[in-house]
Amino acid sequence: MMKPFRSVGLMLAAGLLVTAGCCTKKPAPAPAPEVKAEAPVPVPVPTEAPIVAPVPEPVVETLPSDLAELNKKGYLKDVFFDYDQYDIRANQRDAMAGNAEWLRKWPTVKLQVEGHCDERGSNKYNMALGDKRANAARDYLVSLGIDASRITTISYGEERPFVEGQDESAWSQNRRGHFVITAK
Amino acid sequence: MRLAPVVTSLALVLSLAPLTGQQPAPPVAPPAQPTDISLVLSQEGARRIALAVPPATAPSSDVVQRELVEPFHRTLTGDLGISPWFVVADPALHPKGLRPPATREEGDAWIASGAQFLLDTQIRSEGTNVVVSAQLLDLRTLRPILGKSYSAGGASIRRVAHVIANDVVRQFTGKPGPFLTRIVFSSDRDGGRNKELYIMDYDGENQRRITFHRSLSIAPDWSYDGDRVVYQSFVSTPPGLYWFSLAAAPRNRIPLTTELNSAPSFSPDGKSVAYAGSVKGNPEIFVVGLDGSNPRRLTNSSAIDSSPRFSPNGREIAFTSNRQGTPQIYLMDLEGSNVRKLTLTGNWSDEPAFSPDGGRLAYACRNDGDFQICILDLTTGRTVQISSGPGAHENPSWSPDGSRIAWELQRGRSTQIVSAGIDGSGFKVLTSTGNNGYPVWQRTTE
Numbered sequence: 001m002m003k004p005f006r007s008v009g010l011m012l013a014a015g016l017l018v019t020a021g022c023c024t025k026k027p028a029p030a031p032a033p034e035v036k037a038e039a040p041v042p043v044p045v046p047t048e049a050p051i052v053a054p055v056p057e058p059v060v061e062t063l064p065s066d067l068a069e070l071n072k073k074g075y076l077k078d079v080f081f082d083y084d085q086y087d088i089r090a091n092q093r094d095a096m097a098g099n100a101e102w103l104r105k106w107p108t109v110k111l112q113v114e115g116h117c118d119e120r121g122s123n124k125y126n127m128a129l130g131d132k133r134a135n136a137a138r139d140y141l142v143s144l145g146i147d148a149s150r151i152t153t154i155s156y157g158e159e160r161p162f163v164e165g166q167d168e169s170a171w172s173q174n175r176r177g178h179f180v181i182t183a184k
Numbered sequence: 001m002r003l004a005p006v007v008t009s010l011a012l013v014l015s016l017a018p019l020t021g022q023q024p025a026p027p028v029a030p031p032a033q034p035t036d037i038s039l040v041l042s043q044e045g046a047r048r049i050a051l052a053v054p055p056a057t058a059p060s061s062d063v064v065q066r067e068l069v070e071p072f073h074r075t076l077t078g079d080l081g082i083s084p085w086f087v088v089a090d091p092a093l094h095p096k097g098l099r100p101p102a103t104r105e106e107g108d109a110w111i112a113s114g115a116q117f118l119l120d121t122q123i124r125s126e127g128t129n130v131v132v133s134a135q136l137l138d139l140r141t142l143r144p145i146l147g148k149s150y151s152a153g154g155a156s157i158r159r160v161a162h163v164i165a166n167d168v169v170r171q172f173t174g175k176p177g178p179f180l181t182r183i184v185f186s187s188d189r190d191g192g193r194n195k196e197l198y199i200m201d202y203d204g205e206n207q208r209r210i211t212f213h214r215s216l217s218i219a220p221d222w223s224y225d226g227d228r229v230v231y232q233s234f235v236s237t238p239p240g241l242y243w244f245s246l247a248a249a250p251r252n253r254i255p256l257t258t259e260l261n262s263a264p265s266f267s268p269d270g271k272s273v274a275y276a277g278s279v280k281g282n283p284e285i286f287v288v289g290l291d292g293s294n295p296r297r298l299t300n301s302s303a304i305d306s307s308p309r310f311s312p313n314g315r316e317i318a319f320t321s322n323r324q325g326t327p328q329i330y331l332m333d334l335e336g337s338n339v340r341k342l343t344l345t346g347n348w349s350d351e352p353a354f355s356p357d358g359g360r361l362a363y364a365c366r367n368d369g370d371f372q373i374c375i376l377d378l379t380t381g382r383t384v385q386i387s388s389g390p391g392a393h394e395n396p397s398w399s400p401d402g403s404r405i406a407w408e409l410q411r412g413r414s415t416q417i418v419s420a421g422i423d424g425s426g427f428k429v430l431t432s433t434g435n436n437g438y439p440v441w442q443r444t445t446e
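Top to bottom, those sequences are chains P and L.
Just so you know, we're using this note's numbering here: the first sequence kicks off at 1 and counts up by one.
Just so you know, we're using this note's numbering here: the second sequence kicks off at 1 and counts up by one.
Treat the hints with caution; some may be incorrect.
Per label pair, the in silico range of CB-to-CB distance [stated by the list, open to error]:
1) Phe162/P <-> Gly191/L: 17 to 25 Å
2) Thr444/L <-> Gly74/P: 48 to 56 Å
3) Arg93/P <-> Glu335/L: 36 to 44 Å
4) Gly358/L <-> Asp167/P: 35 to 43 Å
5) Thr237/L <-> Ser169/P: 44 to 52 Å
With a Cα cut of at most 30 Å, we get these calculated DSSO-like pairs of lysine-lysine [to be verified]:
6) Lys73/P <-> Lys105/P
7) Lys148/L <-> Lys175/L
8) Lys184/P <-> Lys175/L
9) Lys77/P <-> Lys280/L
Since the hints were derived computationally from the structure, they do not count as laboratory data.
Quick caveat, the model's predicted, so the values are computed rather than measured.
For every residue, glycine included, the Cβ atom is placed at its ideal position computed from N, Cα and C.
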């Protein structure tokens, strides 16, 4: 995120400099031969100035080509579940809407939803519960208009906890649908 | 590795009725085990036979003592000490120098030490071979009811001890104990976030790795003939069911069209597996041939269905479902019909495991707090809890003689495999390296 901001800043700065140049030039008294030669310079300035604002978007919106790098960006927000439940909670819907919006913007992206559980249920049941969670997350995205063919699912049950620990703060972190981008 | 009994029985089996029926009860239940597992069934009414098991007579060389006598004694008393049939008499009370007792007075001295039977053993070398002689003496009659010599050959002295312990149990019950059986399990000891399958002896010895996927490989099951292991592995996407023969054949992937693909259970004939598979995000119970042939969905519920286990007669399948609220164990016929709920108590019941005779079901049970191990008698409907104490007790599996249960116990961040008799006695911790779970006991006794 730093890079695009910096380039926007540079462009704005460049614009200001050019504008400043134009303003200092105006009061220039006698047309000297050198000055005449530079006369066209101020001309493009007004045409360039309005372009400055729209430019950043295309520059910002390139995705890292490496999938591991891409997944580190955290564009897709994980979704969290209640104990032994697999419905998408009301307080997770904004995150899911954001995920859907991002996926609509990048229609070639494919992803896998991992279903995870806390350690409190039995191992084998949790493997099935994780499957339910991953598919609930997938179905929710599909209901928001994302093509189902872009999304695969996998359950890890309680085998790959995100947080070690045996209290609700750890368990609540481990009951999740985790989104992994598999193709750009 | 096979042991050759070079001399066979000296004496015939005596009638057991007078032995078990008329003897006074052993002085006390076995000494408290180093465990917090409660003796739920307790020993009341269960008469244990009191055995004296002194160290084997052998040449007094240090090497012989260290390499043979000590490991032999440790193994033999370990086996017999956790057997539900015996109590091993306190060696401190053994009368000195009276082996084997030749007179009534000498016999009475042994009886006074709390023993009913004396297991007298000798270890000697014959050339490069080690020969162990064992004699089981009825101290009332001073007559041997078992007498054998065992040639160790290339086998370890521990194995000879297991064979003798099996013979002693067989002498009283007609069936061998679990002393030569093994347990397959899953362990993360190789590091990373992977789990691989391992096999160990029933007492935790000889642990060795049997899969090399560098992935998550879990939930093994053992074929009834002991030759094959089936399990779930994440080495493929979606995770698949794999099986291989322990006789070193390559691994095979079962072709499946489902996802999830967890918790495989061998049919008793070894030709198919039941498992939890998912179609469009709905976990159901399936049965499929080992080659992927004839896949059948047995359940049809929008709820979670998981953890299937074939009954030993092959005609029914127990499984877990939350179709009526909390996860509970159900039974259905092999066609998926005649579904009935087996567990009626607790807020979570899962991971059913049939006893070898099919009459009982061990499972992970929970009311409040932690999972424990329960056994449901399918005839009487009575449930007993055999574990206790803090931690999550899960994934029970029966020894093939039906005398013990192995399960996984998570305490804090450590998960280890433990075992105990079905009355909760004889608790043992079998693993200690890394985390270990999903134990499944071999179904053949030897």
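Checked hints:
Taking the beta carbon of each, Phe162/P and Gly191/L are about 19 Å apart, inside 17 to 25 Å as hinted. Between Thr444/L and Gly74/P the C-beta distance comes to about 52 Å, which sits within the given range of 48 to 56 Å. Taking 36 to 44 Å as the suggested C-beta distance range, the pair Arg93/P and Glu335/L conforms, at roughly 42 Å. Taken as a hint, the range 35 to 43 Å holds for the pair Gly358/L and Asp167/P, whose Cβ atoms sit roughly 41 Å apart.
Checked against the given bound of 44 to 52 Å, the beta carbons of Thr237/L and Ser169/P, roughly 31 Å apart, lie outside it. For a cut-off of 30 Å, the pair hint linking Lys73/P to Lys105/P stands: about 16 Å separates their Cα positions. At most 30 Å may separate the alpha-carbon atoms for a hinted pair to count; Lys148/L and Lys175/L meet this at roughly 17 Å. Distance check on the hinted pair: Lys184/P and Lys175/L sit about 63 Å apart at the alpha-carbon level, beyond 30 Å; violated.
Our distance criterion of 30 Å between C-alpha atoms is met by Lys77/P and Lys280/L, whose separation comes to about 23 Å.
When held up to the earlier numbered hints, the structure conflicts with 5 and 8 and fits the remainder.
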